[in-house]
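Student: Line by line, the protein sequences are chains S and P. With our numbering applied, the first sequence corresponds to residues 2 to 300, in that order. With our numbering applied, the second sequence corresponds to residues 2 to 256, in that order.
Mixed in with the good hints there might be a few duds.
What the hints assert, rightly or not - Incomplete in silico selection of chain S near chain P, CB under 10 Å: (1) Pro-16; (2) Ala-19; (3) Ile-28; (4) Arg-45; (5) Ala-55; (6) Arg-69; (7) Ala-131; (8) Phe-148; (9) Phe-221; (10) Ser-224; (11) Glu-247; (12) Ile-249; (13) Glu-251; (14) Val-259.
No wet-lab data here; the hints were simulated from the structure. Model, not experiment: these values are computed from the prediction. The C-beta atom is built at its ideal place from N, Cα and C for all residues, glycine as well.
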Amino acid sequence: MSKLATLAEAVASIPSGAHVALSGFAITRCNMAFAREVIRQGIRHLTVSQCVGAMDADLLVGAGAVDRMIYGGGSLDRFGRLNNVNRGIESGTLIAEEYSSLSVAFRYLAGALGLPFIPIRSLRGSDVLARLQQIAPENVAMVQDPFTGEEWLVLRPLVPDVAVVQVQVADEEGNAWIYGPRWDNEEQVKASQRVIVITEQLVPTEIIRRDPERTVIPGFKVSHVVHLPFSAHPTSVYRVYDYDAEHIREYAAATRTVEGFQAYLEKYVLGVQDHWEYLERIGGMKHLTPLLADPILGY
Amino acid sequence: MYAEDYTFFELMAVAGARELKDGEIVAVGIGLPVVASFLAKRTHAPHLTILFELGIVDPEPIHTGVGLADPRVWYRAKVMSSFVDMLGMVLHRGLVDVGFLGGLETDAYGNLNTTLLGDPKGKFTHFVGSGGANDIASSAKRVVIIIRHEARKLKEAVSFVTSPGYLRGNGARQAAGLPGGPVRVITDKAIFGFDPQSKRLRLESIHPRVTLEDVLSSMGFQPLVPDQVPVTEPPTVEQIRLIREEIDPERIYAG
C-alpha cells in the first residue's frame, strides 16, 4: 500500500500538543524541511524528543512550536550552541527535561520493548538527576533489584506519538534504510505509535526485498512517506550530501539574538511557500551541487 | 629522543595517549581526545579500540571533522551502529576501559560541568549539557579529564554536576552506586591524580617550563601537593611528528 504523501499532508497529520521524536543529531540527518513546514502550518505546543539536541529541534523551539523538550544535551558541533533551546531554558519559556544520551536512548528502548521501566547506571549522583526529580519526577524513580537487593535508578519508557525520520532510501510503503550510524533512530521508530519517513531517494519495493537486512524502519509502522530531496539541508545526509557550513554559520550567528532569528525565520521559513521555494532561496542547484557527497568518502 | 619544540596542546595529547594501554577500549569525544587516542594507536597501543558514542568503531579519518556528527570522522569505521549498541552494550555493559572527558569546569573531586554557569535557581547561561559524558563518567572503568588550567575552570566545587567524579569525596561515589571514576586530570600546566582515600585532587607532575607557583596560583582551590613533584615526561620527536604530519595536519584540533 502506498503511503506517499506531500510534506504538507504529512505535517498536517500532526496535531498541536503531540509528542514528536526527531531523527537529527547536531548537524546531521535533521528534519529541517519538516520543521520549516511545521512552523508554516502553525502547529504548536509540541513535545520534542531526541538523544542529542539538534538543529531541527532548535529551529522549532525558536519559532515557538515547542513547549517541552526531552533530550540529552546538544549543540551544532563546532558551529555553536543550540541558541534557541538555551534561550528557552534560560528564560523559562521551554521546559527542558535534560538527560544524558544513553538515558534517552534507554527510555526509547523501554518504549520499543513495551517494558514498564528500565534500570540505568547513568545520572546517579549528578545534578542532571536532581533537576529531573524537580522538573519530571514522574519519569525517574529508585527501585530495589529483586535479585541482588541493590538500589537502581529506573526511567519511564518514552512512547512518542510520532517519530519523524530523515533517511537515505525508502519505498512507498515506508520500508527504509539508514546509511551510516543510526544513533537513536531505530529505538525512536520502534517506540513511537507511528512514523513519518522523509526520504532522499524513493525506490521500488523490489530493491528493498533484494537487501532486506538493511531495513531499519519496517513499513508497517509508517503512516506517511515523503520523497523530498535535500530535505535535511543545511545539515548533512551521509552518502548523499554534506552539511552546508556557510548556511549553518549564518544560522548560528542569526540565533544569537531573538531579532536575528526572527529575520532568519522570515527569510528562509515564513517567507517561502514550500521546500522547493526554499531551495531556490538558498541558491538552487548551483548552490547545492558542490555539497553532493563523494561516493567513496560519503561526504 | 624528546622533542624540544612542542605546544602545550601537543603535550596534553601525548599525556592523554600515555593513559591508554594496548588492547583497551576507549570512548572519546571530539578534539584533543581524538588526537590522544589516534596517537596511542599509532605508537604503543596498536590494538586499541576507539568508540564514538553515536555508533562508530575504529574510524580512520583523513579529514578533520567539526564534531561527532560530521561524516568526516566516521570514515573507514569498522562498525556503524547506535547509542544503544555503543553506550549501552559496550559502555553500560562495563567494557569501556577509558573515557576522555572535558568541560566548562571540573573540581577538587573530578566532577565535571558541561551544563550551565551561574545560579541554576537564578540567572544562568545554559551550554551543551551531557550528551554521552554523564554515561561515560558513570560507567567507564577509568576517566581521564582534559581541561585548560584556569582558576574559573578548576574550582573547589563545580556549579552543576553534569558528570560525576567522586562527588564530595571519600566513599560518596560508591554510595551513589557508581563504579570506576576519574584517575587523571590533564591540564596545560600539570597532571593530577586523586588521593586513594579522600579522592581529592593530588598533583602528580608539573609540565616542563612551568613552576609550582604557576600551577597553584591559577587554580580555584588548593590540591594535595606531595613533597616531591616530578616534571611531566615531554613528548618524543616521533610523537610530535605523528600529530603534526599524520593525525592533525590541518591543525584543526590543535586550535
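Student: Look at each hint and say if it fits the structure.
Tutor: These are the hints, each one checked on the structure:
1. The closest approach between the C-beta of Pro-16 of chain S and any C-beta of chain P is roughly 29 Å, which is over the 10 Å cut-off, so the hint fails.
2. Given the 10 Å rule on beta carbons, the hint for Ala-19 of chain S is violated: about 23 Å separates it from the nearest Cβ of chain P.
3. At about 5 Å, the closest approach between the beta carbon of Ile-28 of chain S and any beta carbon in chain P falls short of 10 Å, and the interface hint on this residue holds.
4. Below 10 Å, beta-carbon pairs count as interface contacts, and Arg-45 of chain S has none with chain P, the closest being about 22 Å; its hint is therefore violated.
5. The criterion of a C-beta within 10 Å of any C-beta in chain P is met by Ala-55 of chain S, whose closest approach is roughly 8 Å, and the hint holds.
6. The interface hint given for Arg-69 of chain S is broken, as the beta carbon of that residue sits about 15 Å from the closest beta carbon of chain P, more than 10 Å.
7. Look at Ala-131 of chain S: its Cβ gets to within about 8 Å of chain P, closer than 10 Å, so that hint holds up.
8. Evaluation of the Phe-148 of chain S hint against chain P yields a violated restraint, the C-beta minimum of about 15 Å exceeding 10 Å.
9. Given the 10 Å rule on beta carbons, the hint for Phe-221 of chain S is violated: about 21 Å separates it from the nearest Cβ of chain P.
10. Because the beta carbon of Ser-224 of chain S sits about 23 Å from the nearest beta carbon in chain P, more than 10 Å, this interface hint is broken.
11. Against a cut-off of 10 Å between C-beta atoms, the interface hint on Glu-247 of chain S is violated, since the closest Cβ of chain P lies about 13 Å away.
12. For Ile-249 of chain S, the shortest C-beta to C-beta distance to chain P is roughly 9 Å, which falls under 10 Å, so the interface hint holds.
13. Restraint check, Glu-251 of chain S versus chain P: the minimum CB separation of about 15 Å is more than 10 Å; hint violated.
14. Checking Val-259 of chain S against chain P by beta carbon gives a least distance of about 16 Å; that is not within 10 Å, so the hint is violated.
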